[in-house]
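Here the protein sequences line up with chains P and X, keeping their order. Position one of the first sequence corresponds to residue 1 (this note's numbering), numbered consecutively onward. Position one of the second sequence corresponds to residue 1 (this note's numbering), numbered consecutively onward.
I should point out that these hints are in silico values taken from the structure, not numbers from a laboratory. Do not take every clue at face value.
[Stated by the list, open to error] What follows is a set of in silico ranges between Cβ atoms, one per label pair, in the way DEER data are often shown:
no., chain 1, residue 1, chain 2, residue 2, range
1, X, 73, P, 42, 31 to 39 Å
2, P, 218, X, 74, 55 to 63 Å
3, P, 244, X, 82, 45 to 53 Å
4, X, 1, P, 87, 34 to 42 Å
5, X, 184, P, 50, 49 to 57 Å
[Unchecked claim] When the alpha-carbon atoms are kept at most 20 Å apart in a straight line, the in silico SDA-like pairs for lysine to any residue are as follows:
no., chain 1, residue 1, chain 2, residue 2
6, X, 10, X, 76
7, P, 24, P, 40
8, X, 153, P, 154
9, X, 153, P, 42
10, X, 153, P, 162
11, X, 153, P, 157
12, X, 153, P, 163
[What the hints assert, rightly or not] Computed list of chain X residues with no C-beta within reach of chain P, every gap over 10 Å:
no., residue
13, 27
14, 73
15, 86
16, 148
17, 169
18, 193
19, 216
Just so it is clear, the structure is predicted and the values come from calculations on it, not from any experiment. Using N, Cα and C, we set each Cβ at its ideal position, and we do this for glycine too.
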Amino acid sequence: MSMTEDTATPKRPSGFWSYANPVKFLGLSERVLPALWGLAALSLIVGLIWGFFFTPDDFRQGSTVKIIYLHVPSAMMAINAWVMMLVASLIWLIRRHHVSALAAKAAAPVGVVMTLIALCTGAIWGQPMWGTWWAWDPRLTSFLILFLFYLGYIALWEAIEDPDTAADLTSVLCLVGSVFAVLSRYAVNFWNQGLHQGASLSLDKEENVADVFYIPLLVCIAGFVLLFLALVLYRTGTEIRLRRTRALQAREARL
Amino acid sequence: MTALLRRDLKLAVRAGGGFGLGLAFFLIVTVLVPFGVGPQSELLSRIAPGILWLGALLACLLSLDRLLALDWEDGTLDLLATSPLPLEAALSIKALAHWITTGLPLVLAAPVLGILLNLPTAGYGWLVLSLLLGTPALSVIGTFGAALTVGVKRGGLLMSLLVLPLYVPTLIFGAEAARRGATGMDPLTPLLMLAGITAGVVAIMPFASAAALRVNLR
Chain P
1 MSMTEDTATP
11 KRPSGFWSYA
21 NPVKFLGLSE
31 RVLPALWGLA
41 ALSLIVGLIW
51 GFFFTPDDFR
61 QGSTVKIIYL
71 HVPSAMMAIN
81 AWVMMLVASL
91 IWLIRRHHVS
101 ALAAKAAAPV
111 GVVMTLIALC
121 TGAIWGQPMW
131 GTWWAWDPRL
141 TSFLILFLFY
151 LGYIALWEAI
161 EDPDTAADLT
171 SVLCLVGSVF
181 AVLSRYAVNF
191 WNQGLHQGAS
201 LSLDKEENVA
211 DVFYIPLLVC
221 IAGFVLLFLA
231 LVLYRTGTEI
241 RLRRTRALQA
251 REARL
Chain X
1 MTALLRRDLK
11 LAVRAGGGFG
21 LGLAFFLIVT
31 VLVPFGVGPQ
41 SELLSRIAPG
51 ILWLGALLAC
61 LLSLDRLLAL
71 DWEDGTLDLL
81 ATSPLPLEAA
91 LSIKALAHWI
101 TTGLPLVLAA
111 PVLGILLNLP
121 TAGYGWLVLS
131 LLLGTPALSV
141 IGTFGAALTV
151 GVKRGGLLMS
161 LLVLPLYVPT
171 LIFGAEAARR
181 GATGMDPLTP
191 LLMLAGITAG
201 VVAIMPFASA
211 AALRVNLR
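Extracted from the complex, chain P is given alone in its bound form:
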């Protein structure tokens, strides 16, 4: 099934939904991507250098605190990537826009890498602070479970040959998985009290990370968000082109 059939519909959608048209989507992403890459690189370079070299050591944790500039943004993006996949899956199930399904597919590997970065930096940070690489703490365990969900999701995409069937099934899995991921989060909380500190970046709390760490951390988070957006746009473009190539090859073969 060709991707450009959507354009033949008599009433052209406008606004946000018009980008469900792959041609328009590719046009936009090509215009936006250079700026996104640039901004992501800029804020990551500024944030990381600022964080690593121009912030004081913590009085208890020493210089190990600086891994926070990788740990917290990647952990946030690991969860946000799943939320984005959930939204994209819903859009695919309800409105049948191929771009949306492909965006969900494109986001999964990025999300799994973010989860891995969060787990690894957490282990590296945990070793000097808690004296152990791993503990069955609720937050750590939830992340491990999230990692498993990502693996299953990607494996299901890979296993099914027909692209529309794969998109449908992975979307259903993403919906069900989201419910169970939240359930697991609370179950794990119930199961074990942990070592990990509570949320330290809330906007409405008295006790937060001190400002010297907070501002470069925000820059790093912005960098990770931009990087994620750029990667997902880029990968979605690749998926669209890949599918178009397949459609062309199929047409060639028929002639």
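For this one, chain P is given, so just place chain X on it according to the hints.
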């Protein structure tokens, strides 16, 4: 609906011993654990509730690929999908049949295997109760996994990867209830949570399973 249930039960009991395999697997796992961790009875009685829960869960998981695969191959599922019975109901019945042939025997066998693992006396009732409440959820969630992967050739391993993370909440609350019962603590909270999960899953999951199966039958 009763006809479908009766048919599934008959097939499970008659077709090549699929009925007893789950039980035998449960027995083997339980026997292997002391070889792995050593024969000290205090250690065994401490981990017994968790091991029995885990064994029951794995036995459930292994029998899932028979749940829909045979009906998929001989076209029964297509007939079911076109029959006046909603696919959601058909899948609920199939999950029920799976529970009666796999889950229920496991529940009944668990106390016997508990003796092997030196389960404390106080724990037997709670173990059986928690398994009785929890195994229906395992069957229903497993039906969803089977419906997702029924179109994939040799999808058994993939199905395990998809289903096991979904089993996490059930396992946590079930094993926790059995553990608390065995150590003399109050197991009511995890039992209620477990019952809640089972009730919710039984109510909602067939819709997801049916959606997945419809995609596969398209």
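Status of the hints after comparison with the structure:
1. In this structure the hint that residue 73 of chain X and residue 42 of chain P lie 31 to 39 Å apart at CB is violated, the actual value being about 57 Å.
2. The hinted window of 55 to 63 Å between residue 218 of chain P and residue 74 of chain X holds, with their beta carbons roughly 60 Å apart.
3. Residue 244 of chain P and residue 82 of chain X have their C-beta atoms about 36 Å apart, which leaves the hinted 45 to 53 Å range violated.
4. At roughly 37 Å, the beta carbons of residue 1 of chain X and residue 87 of chain P sit within the given window of 34 to 42 Å.
5. Between residue 184 of chain X and residue 50 of chain P, the C-beta spacing of about 55 Å keeps the proposed range 49 to 57 Å intact.
6. Of the supplied pair hints, the one linking residue 10 of chain X and residue 76 of chain X holds, its CA atoms being roughly 15 Å apart against a limit of 20 Å.
7. At most 20 Å may separate the alpha-carbon atoms for a hinted pair to count; residue 24 of chain P and residue 40 of chain P exceed this at roughly 23 Å.
8. Proximity of residue 153 of chain X to residue 154 of chain P is assessed by CA-CA distance (about 17 Å); at most 20 Å being required, the pair is judged to hold.
9. Annotation: proposed proximity of residue 153 of chain X to residue 42 of chain P is violated, straight-line Cα distance about 47 Å (limit 20 Å).
10. This hinted pair checks out: residue 153 of chain X and residue 162 of chain P have alpha carbons roughly 13 Å apart, not beyond 20 Å.
11. Proximity of residue 153 of chain X to residue 157 of chain P is assessed by CA-CA distance (about 14 Å); at most 20 Å being required, the pair is judged to hold.
12. With a CA separation close to 16 Å, the supplied pair residue 153 of chain X and residue 163 of chain P stays within the 20 Å bound.
13. Here residue 27 of chain X stays apart from chain P, with its beta-carbon at least about 28 Å from theirs, past the 10 Å limit.
14. Separation of residue 73 of chain X from chain P is adequate, the least Cβ-Cβ distance of about 18 Å exceeding the 10 Å criterion.
15. The claim that residue 86 of chain X lies off the interface holds: its Cβ sits roughly 17 Å from the closest Cβ of chain P, which is beyond the 10 Å cut-off.
16. Taking the minimum C-beta to C-beta distance to chain P, about 6 Å, the non-interface status of residue 148 of chain X is violated against the 10 Å cut.
17. Residue-level check failed: residue 169 of chain X sits 4 Å from the nearest beta carbon of chain P, not beyond 10 Å.
18. Consistency note on residue 193 of chain X: stated as away from chain P, yet its beta-carbon is not over 10 Å from all of that chain's, at 7 Å minimum.
19. With a least CB separation of 7 Å from chain P, residue 216 of chain X falls inside the 10 Å interface cut-off, contrary to its annotation.
The structure fails to meet hints 1, 3, 7, 9, 16, 17, 18, 19 from the earlier list, while all remaining hints are met.
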